[in-house]
Amino acid sequence: MVGAVQQSFLCSGALVGKRQVVSADHCVDTNGNGAYVDLTKPGNDVRVVFNSDGNVNALINASSFAVHSDYKGFNVCPNGSSGCVNDDVAVLTLAQDAPASAQIYKVAVNPLLSGTHIIMAGYGTTGNGVTGYAANSSSFVTKRTGENYADLFDGDDEQNFAGNAEVFYADFDGAGRDTFCTRYGVCSPILPNNRESGIGAGDSGGPSFVEMYGELMLVANNTFSGRFTGQVAGTFGTYFGGMIMGAYTDFLQQATGGRIAFVPEPGSIALLGLGGLFVLGSRRRRSAK
Numbered sequence: 001m002v003g004a005v006q007q008s009f010l011c012s013g014a015l016v017g018k019r020q021v022v023s024a025d026h027c028v029d030t031n032g033n034g035a036y037v038d039l040t041k042p043g044n045d046v047r048v049v050f051n052s053d054g055n056v057n058a059l060i061n062a063s064s065f066a067v068h069s070d071y072k073g074f075n076v077c078p079n080g081s082s083g084c085v086n087d088d089v090a091v092l093t094l095a096q097d098a099p100a101s102a103q104i105y106k107v108a109v110n111p112l113l114s115g116t117h118i119i120m121a122g123y124g125t126t127g128n129g130v131t132g133y134a135a136n137s138s139s140f141v142t143k144r145t146g147e148n149y150a151d152l153f154d155g156d157d158e159q160n161f162a163g164n165a166e167v168f169y170a171d172f173d174g175a176g177r178d179t180f181c182t183r184y185g186v187c188s189p190i191l192p193n194n195r196e197s198g199i200g201a202g203d204s205g206g207p208s209f210v211e212m213y214g215e216l217m218l219v220a221n222n223t224f225s226g227r228f229t230g231q232v233a234g235t236f237g238t239y240f241g242g243m244i245m246g247a248y249t250d251f252l253q254q255a256t257g258g259r260i261a262f263v264p265e266p267g268s269i270a271l272l273g274l275g276g277l278f279v280l281g282s283r284r285r286r287s288a289k
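The numbering of the sequence shown is the UniProt record's numbering, which starts it at 1 and goes up by one.
Calculated from the structure, these hints are not laboratory results.
Some hints could be false.
BS3-like mimics (lysine-lysine), calculated; alpha carbons at most 30 Å apart, straight line [to be verified]:
hint	residue 1	residue 2
1	Lys106	Lys41
2	Lys18	Lys143
3	Lys106	Lys72
4	Lys18	Lys41
5	Lys106	Lys143
6	Lys106	Lys18
7	Lys72	Lys41
Simulated DEER-style distance windows between Cβ atoms [unchecked claim]:
hint	residue 1	residue 2	range
8	Gly163	Gln253	14 to 22 Å
9	Gly176	Asn31	38 to 46 Å
10	Thr40	Ser8	15 to 23 Å
11	Tyr184	Gly54	39 to 47 Å
12	Gly176	Pro264	33 to 41 Å
13	Asn194	Val56	37 to 45 Å
14	Gln96	Gln254	15 to 23 Å
15	Asn44	Ser137	21 to 29 Å
16	Asp38	Thr182	41 to 49 Å
Just so it is clear, CB atoms sit at the ideal spot from N, CA and C, and this is done for glycine as well.
All chains should be built: construct the whole structure from the sequences, respecting the hints.
What follows is the structure, encoded as structure tokens:
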């Protein structure tokens, strides 16, 4: 796991090759509208912090980064309106190899289905489901993990949200609040309070994993959180989500120069229809990174 600095902001990411880190486009977007960090300008950099030995054991600059061509800005739709968080996936290329102790993750590209158990990790804010986020609790050296279940999905915003799912949503359940079950009838299991989690500021770009073949594999990144009217950010009943890696295999293959392992190989995946997947559709609105 890694933490990345973007103009003094904290993001998270996952190492998928010796020099390749999957994160989020908006982590290198200086204004949320596609104005990217200029690495050629003196004083500008994107740094990746490794603490795979328990403390900071490497600080490596990114020599370049690749962003998805369909990303137009955070929460920006193809036509310029708001309400779309698709395509928020980036690949950072490091100027040197990551420490040998850093875990390189394979990428699970089988379809992500409702009810899939996910394990999230990141360096962002902590808090609790009753009062929400704790101020100033993010850290470059404190990795936190949590769990949830994928619930809802958005399709391709360039196809008016038809096609294969690109975005997943999960709600933060607890204290009798199960928002997606109450509102939409999507009722995934509820985990104990010491495991059920959401995400916070600084977790953007960080991984959601699934367990496959005895190891953790990257299935999605985490890029946004949101709440409904009357909810306090970070409390029970709020939600979060991110990009499904299986929807972006072509981009990931090209951006890493092929230095990435997909499981299973994309050509062997049996394409599944969207029947049975609940798509959030017109209810999509995001309130926070």
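Here is what the structure says about each hint:
no. : hint                          : verdict
1   : Lys106 <-> Lys41              : violated (33 Å)
2   : Lys18 <-> Lys143              : holds (20 Å)
3   : Lys106 <-> Lys72              : holds (28 Å)
4   : Lys18 <-> Lys41               : holds (26 Å)
5   : Lys106 <-> Lys143             : holds (20 Å)
6   : Lys106 <-> Lys18              : holds (12 Å)
7   : Lys72 <-> Lys41               : holds (22 Å)
8   : Gly163 <-> Gln253: 14 to 22 Å : holds (19 Å)
9   : Gly176 <-> Asn31: 38 to 46 Å  : holds (40 Å)
10  : Thr40 <-> Ser8: 15 to 23 Å    : holds (19 Å)
11  : Tyr184 <-> Gly54: 39 to 47 Å  : holds (42 Å)
12  : Gly176 <-> Pro264: 33 to 41 Å : holds (40 Å)
13  : Asn194 <-> Val56: 37 to 45 Å  : violated (27 Å)
14  : Gln96 <-> Gln254: 15 to 23 Å  : holds (22 Å)
15  : Asn44 <-> Ser137: 21 to 29 Å  : holds (27 Å)
16  : Asp38 <-> Thr182: 41 to 49 Å  : holds (46 Å)
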